[in-house]
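Peer 1: Sequence:
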Amino acid sequence: MLIKKAQAITNSGLPDRLEKLLSLYEKNLLLEVFFIERKDIESLLDLLPAQGDLLQALVSMLPDLRLPEISAATLQKRLEAADALRESNKLALDQSMQEISAELEQLNGARQRIRQVRQLSKSMYQETSAPARLQNWA
Numbered sequence: 021m022l023i024k025k026a027q028a029i030t031n032s033g034l035p036d037r038l039e040k041l042l043s044l045y046e047k048n049l050l051l052e053v054f055f056i057e058r059k060d061i062e063s064l065l066d067l068l069p070a071q072g073d074l075l076q077a078l079v080s081m082l083p084d085l086r087l088p089e090i091s092a093a094t095l096q097k098r099l100e101a102a103d104a105l106r107e108s109n110k111l112a113l114d115q116s117m118q119e120i121s122a123e124l125e126q127l128n129g130a131r132q133r134i135r136q137v138r139q140l141s142k143s144m145y146q147e148t149s150a151p152a153r154l155q156n157w158a
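Just so we're aligned: 92 in the working numbering is position 72 of the sequence shown, and the numbers increase by one with no gaps anywhere.
Derived from the structure by calculation, the hints contain no laboratory data.
Careful, some of the hints might be misleading.
Result set (DSSO-like, lysine-lysine): computed pairs, CA atoms no more than 27 Å apart in a straight line [what the hints assert, rightly or not]: (1) 40 to 97; (2) 40 to 110; (3) 47 to 97; (4) 110 to 59; (5) 110 to 97.
Could you put together the complete structure from these sequences and hints?
Peer 2: Structure representation (structure tokens):
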């Protein structure tokens with residue numbers, strides 16, 4: 021998914037390259053939604069650097085791009101929709117991270133309670149078996 025640095029591209033090839041990059045960026049945004057919903061943070065962390073590379077490539081192309089007004093308006097709408105989806109993904113990711121954090125806190129609390137019960141059980145066993153051991157010595 022890594023993007024190669026833009027090579028010398030003629031202006032005639034620029035719109036096609038822009039279309040490919042933008043389509044891939046939009047596809048990856050939908051993939052982000054999938055990973056966030058599944059709480060697949062590892063896959064999301066693999067995807068985000070590629071998204072950054074795509075975005076950087078898109079931004080670097082825009083100053084050299086000369087499009088008809090209709091195409092420019094369509095491009096602007098697609099970029100706005102992608103930006104809105106990106107913001108939505110950020111909010112969903114924040115919420116998902118809060119849920120994961122709460123789950124981890126619950127697991128940590130349960131682990132601590134288990135540890136306390138084990139210690140209590142161990143100390144109770146030692147207290148009840150100590151007199152029996154002393155009787156055997158006598």
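Peer 1: So, for every hint listed, does it hold in this structure?
Peer 2: Hints, one by one, checked against the model:
no.	hint	result
1	40 to 97	holds, 16 Å
2	40 to 110	holds, 24 Å
3	47 to 97	holds, 16 Å
4	110 to 59	holds, 13 Å
5	110 to 97	holds, 20 Å
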